[in-house]
Amino acid sequence: MTASQIGSSTRRFGGYERVTGSQEFVADLRLDGMLFVKLVSIDCARARIVSVDTSAARGLAGVVAVVTSDDLPQPVPRFGPVYKDRPILAVGETKYHGEPVAAVVAESKDVAEVAASLVAIQFEELPAVFTVASALDPLSPLVQEPGLRSAGTLANTNVLSEQVFGWGDLAATEADLVIENDYCFPMVTHFAIEPHGCMVVSSSGGFEVWSPVQHPYLLQAILADLFDLPLTRVRVVAPDPGGAFGGKQNPKFEPLLCFLARMTKRPVRLILTLEESFQATRRTSAEIHIRSGFSRDGLLCFQDIESNFLLGAYADIAGRVVSKSNYLGCGPYCTPVARIRARALLSHTTPSCAFRGFGTPQVAWALESQMDAAARHLGIDGLQIRLMNLAAKGDDVVPGDVPADGEWAQSVRKAASAVGWGEPLAPNHGRGIAVGIKSGATTGLSYSTIRLLFDGSVTIYAGTSDMGQGARTIFAQIVSDELGVPIDQIDVVMGDTSVVPFDLQTSASRSTVFMGNAILDACRDIQLQVRELAAELHGTALENVRIEAGGVFISDMKVSIPEVVQASLGRLRGELIGNGTMRRTDIANHPLGGSPAFFEFNCTAFEVSVDVETGEVSVIKHVSVGDTGKSLNPLQVEMQDEGAAIMGLGHTMMEHIILDESGRIANHGALDYRIPTSKDLPLSLSTYSIENADGPGPYGSKGVSEGAILCTAPAFASAVTEATGVVIRDLPLTPERVWRAMRDGASDSSKVE
Amino acid sequence: MKPFSYQRPGSLAQTFDLLSEYGSSARILAGGTDLIVGLRQQTVDASVLVDIKGIGEFLPGVALVDGHFVIGATTDISRICEYEKFRATFPALVEAMETVGSVQIRNRATLVGNVCNASPAADTVPPLAIYGAMVNVGGRDGTRLVPVQEFIQGPRQTALRPGEFVLSIQLPVPNAPLGVGFARLTRRRGVDLATVNLSCSIDSVGTVRFAFGAVGPRLVLGVDRSGVLADSGAPAGDRDAALANLIAGTSPRTDIRGTRDYRSAMLLVLGRRILAEAASRLGSGQP
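Chains as they are written, first to last, in the numbering used here: chain F, 1 to 753; chain U, 754 to 1040.
FYI, nobody ran anything at the bench for these hints, they're computed from the structure. All values reported here derive from a predicted model rather than from experimental measurement. Any given hint could be a false lead.
Derived lysine to aspartate or glutamate pairs resembling DMTMM-like cross-links, with alpha carbons at most 25 Å apart [stated by the list, open to error]:
no.: 1; chain 1: U; residue 1: 755; chain 2: F; residue 2: 53
no.: 2; chain 1: U; residue 1: 755; chain 2: F; residue 2: 110
no.: 3; chain 1: F; residue 1: 679; chain 2: U; residue 2: 835
no.: 4; chain 1: F; residue 1: 679; chain 2: U; residue 2: 851
no.: 5; chain 1: F; residue 1: 558; chain 2: F; residue 2: 543
no.: 6; chain 1: U; residue 1: 755; chain 2: F; residue 2: 113
no.: 7; chain 1: F; residue 1: 265; chain 2: F; residue 2: 110
no.: 8; chain 1: F; residue 1: 109; chain 2: F; residue 2: 24
no.: 9; chain 1: F; residue 1: 109; chain 2: U; residue 2: 798
no.: 10; chain 1: F; residue 1: 84; chain 2: F; residue 2: 70
no.: 11; chain 1: U; residue 1: 755; chain 2: F; residue 2: 43
no.: 12; chain 1: U; residue 1: 755; chain 2: F; residue 2: 28
no.: 13; chain 1: F; residue 1: 751; chain 2: F; residue 2: 730
no.: 14; chain 1: F; residue 1: 751; chain 2: F; residue 2: 306
no.: 15; chain 1: F; residue 1: 679; chain 2: U; residue 2: 1030
no.: 16; chain 1: F; residue 1: 109; chain 2: F; residue 2: 32
no.: 17; chain 1: U; residue 1: 755; chain 2: F; residue 2: 275
Quick list of the computed label-pair ranges, beta carbon to beta carbon [unchecked claim]:
no.: 18; chain 1: F; residue 1: 669; chain 2: U; residue 2: 764; range: 35 to 43 Å
no.: 19; chain 1: F; residue 1: 669; chain 2: U; residue 2: 1012; range: 16 to 24 Å
no.: 20; chain 1: F; residue 1: 669; chain 2: U; residue 2: 851; range: 21 to 29 Å
no.: 21; chain 1: U; residue 1: 857; chain 2: F; residue 2: 669; range: 12 to 20 Å
no.: 22; chain 1: U; residue 1: 841; chain 2: F; residue 2: 107; range: 50 to 58 Å
no.: 23; chain 1: F; residue 1: 407; chain 2: U; residue 2: 1004; range: 56 to 64 Å
no.: 24; chain 1: F; residue 1: 264; chain 2: U; residue 2: 778; range: 28 to 36 Å
no.: 25; chain 1: U; residue 1: 791; chain 2: F; residue 2: 205; range: 42 to 50 Å
no.: 26; chain 1: U; residue 1: 791; chain 2: F; residue 2: 92; range: 32 to 40 Å
no.: 27; chain 1: F; residue 1: 426; chain 2: U; residue 2: 778; range: 57 to 65 Å
no.: 28; chain 1: F; residue 1: 264; chain 2: U; residue 2: 774; range: 39 to 47 Å
no.: 29; chain 1: U; residue 1: 1004; chain 2: F; residue 2: 683; range: 33 to 41 Å
no.: 30; chain 1: F; residue 1: 579; chain 2: U; residue 2: 791; range: 53 to 61 Å
no.: 31; chain 1: F; residue 1: 228; chain 2: U; residue 2: 778; range: 50 to 58 Å
By construction, the Cβ of each residue, glycine as well, lies at the ideal position given by its N, Cα and C atoms.
Make a model of the complete structure from these sequences and hints.
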């Protein structure tokens, strides 16, 4: 028997390898005889490709191939997780800055780089769409040819999708105070420390692919579809990603590498530079117009939201980002009447995709800033206006859908007390508080297989990608408690589609709940087998055998699980195999295809001080409280919260991709795209969990990986407003932007009725 | 990275031979923290790297010779910052040096390299100029001393002639009381390039000198002999006017790190702050 692991801060599986640098990421792996790939792009966003002269590059010693879309099957295959819109290489014209026009394959990385610089591409810059306004303008050029789009009235526009959510009669609703504002959320890059990349071996009719992909089984399915192969002929090996944050969910260059491996009959490898990663994927930016109605005592009357999210040239999964975040556009409040019009717009920019928070930080920036604007106009405290409108457990947040699943006010009160809400403030200091909810996964399917070996040690098979969130550790903790196995006798095998059973994806803070439940189910399977063996062994009925805390109780006698297994299996040894499933299927006619499995709720509060001469903001206190249901590993929850909180400071204080007039990324790379460093951290950062065991995951848990990023920006901005009196509605709040707002006396400019 | 060859001469004479043999296709390698990045990003072209770390004549570390601190071309910034006497003599320069890159970068990067890189935003250059630093340029025919503000002639442009390279930087120990301040503005507190940087000195007769970085193609210097800036009791309006008069010599640009008007405004704000710092150091007898 072992001490309970659940609820304790069990040491991180793989932690030692990560901090000592011995973990092998994809870029650390070498394949015999591999070739190196370098992508060739042009210094322009949208351009007609006039000619590509590869002769100089081909002539360089060590170059094996230089490939353009002309060398690919025609028409050039396209792929994507939802829409098959992304070509393997640019066809005829480039759609965004950095879209590869050609690929060089060479014997070394250096030769590939030099050869890439020798590919001469003649191009003609074309009019392009870089902004929301331009994407909505009917006179703008179309980003995607109508033939690529699903039939319908939108096919001849740059609107990928448009959805309207809502309830109640907006026209008939009155309010004492109506506040109307526009909010901007910038383009942001994921900035995973591990570079994107992949390696491919083409073998007898199929492929082996190494990719730090979040969804190995989706990559497998897309490649099998693209090359018309059975799933068994596409093996995806997915070593643990070194950070992904949504950016490594879906295929980017794996299909190209498959073609190159097939053409050259050699293993091929592509590792992107940080600059190329900027051009591979980004977060979806947004402009949100919002009209909010309140009674004079601060109760919400209505929300009228128009969200325009700017996607890139190919849809990736970004349409889903828009619909899922805007579905909960009214936040964790009781909103009597709502209308949310959400558009996903195509543009000639880096294809955007999922990013931690999945659109919610964008929506919460607008919504929570409105709550503060209303509070200021009504003379109500920012904490009070939230508490009075917050949904209590069981209240509707979207009428007709699942109600609030947590005691959210507990989180708000905890955050308020931790930040010292209401205490006297020094000059130029301010506090702010905000809340956010994100929908957990709506549908999903996770399988797990567990092998209880003869000596009592256990191997867990789980298709989750452990990309820093610590999924391995959580899964081992569950098995340790359920099967009474010491934690150091458990192995967790992940990341190989030829070995590990199917898991839909690693996203949406789902793995603890979805894979965790599948593992719990597999443990139950093994527990039943053990009870059957014990009953047979002791000549008693099954109901007289029970398993508690990993031990077997036969009437009053207690034995261990391995004792039962060994006694039963005997000389031939063997093992027990348990299988578990967590399945959550579609709901017909639901706007999202399914209800949230849980809500990820967070309350964030700040105390800041502002240098009123330079606009620099210092974070004195940063508090984040999550409604976790049950923190299976409190230290890992804290690490997730701290990581998400600091990531939130990035888009709040400094991160934004700047495009020039030709749609090129002007701050392209680490020199001028700034992310928070250790020196930029708050003087104090505290995180807390509210645990009422009211989640759908094992032991009442909920997902926790995104909460602390949801409402960082509005809480921070609210604190800056209290410190300075100025209101800023464009992120990030750079020192210059804060200084300019103070210089211009940018007090609350809300349009008020 | 494009291929290049690598040479590691053992003497100054061999180095000059290599420089004359390869001409402009040769680049000097000391710390390499700018050069290697440039080669990787193909913003720098070089067919030969001449690694000067094996030159026998170079003294390691920092030497005090005839009232001057001499910092050799291969001395890394961390090493300089270890010298207590140097820290006590040039506190504002040390502050600036300790903002260059990160600890790991400073363990490789040389002060001479920071000057030779000739970035308009180099943080060490304003205090070097304020402290009267001279660049000791070596060539086959001998050496010559060039004031740092004349050595850097524009972005990536130095006064080096073909066949020359920098042997050392010389910093005179101030022979009269001097107070010096340094400040920079960045977009974040962690490693960052300066949006503006500036340094100033106040001497015992009330002369105030300013050096402004990142607000023009080369360092902008200004002198105020009116005594107003040195007099902390003078009316704030007069002091601001005198400072604004010096700032008028700058020509900040709008780029992705900051706009022209923000840079100008920050020169005034930070100028006031470092004047106070310099006055305090002058008062305490610390340079």
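Now for the hints, and whether the structure bears them out:
1. U/755 / F/53: 20 Å, holds
2. U/755 / F/110: 7 Å, holds
3. F/679 / U/835: Distance ~22 Å between residue 679 of chain F and residue 835 of chain U Cα, so the pair holds.
4. F/679 / U/851: With a Cα-Cα distance of about 14 Å, the restraint between residue 679 of chain F and residue 851 of chain U holds, given a limit of 25 Å.
5. F/558 / F/543: 15 Å, holds
6. U/755 / F/113: Measuring from Cα to Cα gives roughly 8 Å; hence the hint holds.
7. F/265 / F/110: 21 Å, holds
8. F/109 / F/24: Holds, because 19 Å separates the two Cα atoms, which is no more than 25 Å.
9. F/109 / U/798: 18 Å, holds
10. F/84 / F/70: 19 Å, holds
11. U/755 / F/43: 20 Å, holds
12. U/755 / F/28: Answer holds: residue 755 of chain U to residue 28 of chain F is near 22 Å, not above 25 Å.
13. F/751 / F/730: The hint holds at about 16 Å.
14. F/751 / F/306: It holds: about 16 Å lies between the C-alpha atoms, which stays within 25 Å.
15. F/679 / U/1030: Cα-Cα ~23 Å, so holds.
16. F/109 / F/32: Between residue 109 of chain F and residue 32 of chain F the Cα gap is close to 15 Å, so the pair holds against 25 Å.
17. U/755 / F/275: 18 Å, holds
18. F/669 / U/764: 35 to 43 Å: Given a distance of about 39 Å, which is inside 35 to 43 Å, the answer is holds.
19. F/669 / U/1012: 16 to 24 Å: With a Cβ separation near 21 Å, residue 669 of chain F and residue 1012 of chain U satisfy 16 to 24 Å, so the hint holds.
20. F/669 / U/851: 21 to 29 Å: 24 Å, holds
21. U/857 / F/669: 12 to 20 Å: With a Cβ separation near 18 Å, residue 857 of chain U and residue 669 of chain F satisfy 12 to 20 Å, so the hint holds.
22. U/841 / F/107: 50 to 58 Å: Given a distance of about 56 Å, which is inside 50 to 58 Å, the answer is holds.
23. F/407 / U/1004: 56 to 64 Å: Between residue 407 of chain F and residue 1004 of chain U, where Cβ atoms are some 60 Å apart, the hint holds.
24. F/264 / U/778: 28 to 36 Å: 34 Å, holds
25. U/791 / F/205: 42 to 50 Å: Holds, at about 46 Å.
26. U/791 / F/92: 32 to 40 Å: 35 Å, holds
27. F/426 / U/778: 57 to 65 Å: Hint holds: Cβ distance 59 Å, inside 57 to 65 Å.
28. F/264 / U/774: 39 to 47 Å: Since residue 264 of chain F and residue 774 of chain U have Cβ atoms about 41 Å apart, the given range 39 to 47 Å holds.
29. U/1004 / F/683: 33 to 41 Å: Holds, at about 37 Å.
30. F/579 / U/791: 53 to 61 Å: Cβ of residue 579 of chain F to Cβ of residue 791 of chain U: about 56 Å, so the range 53 to 61 Å holds.
31. F/228 / U/778: 50 to 58 Å: Roughly 52 Å apart at Cβ, these two residues keep to the hinted range, so it holds.
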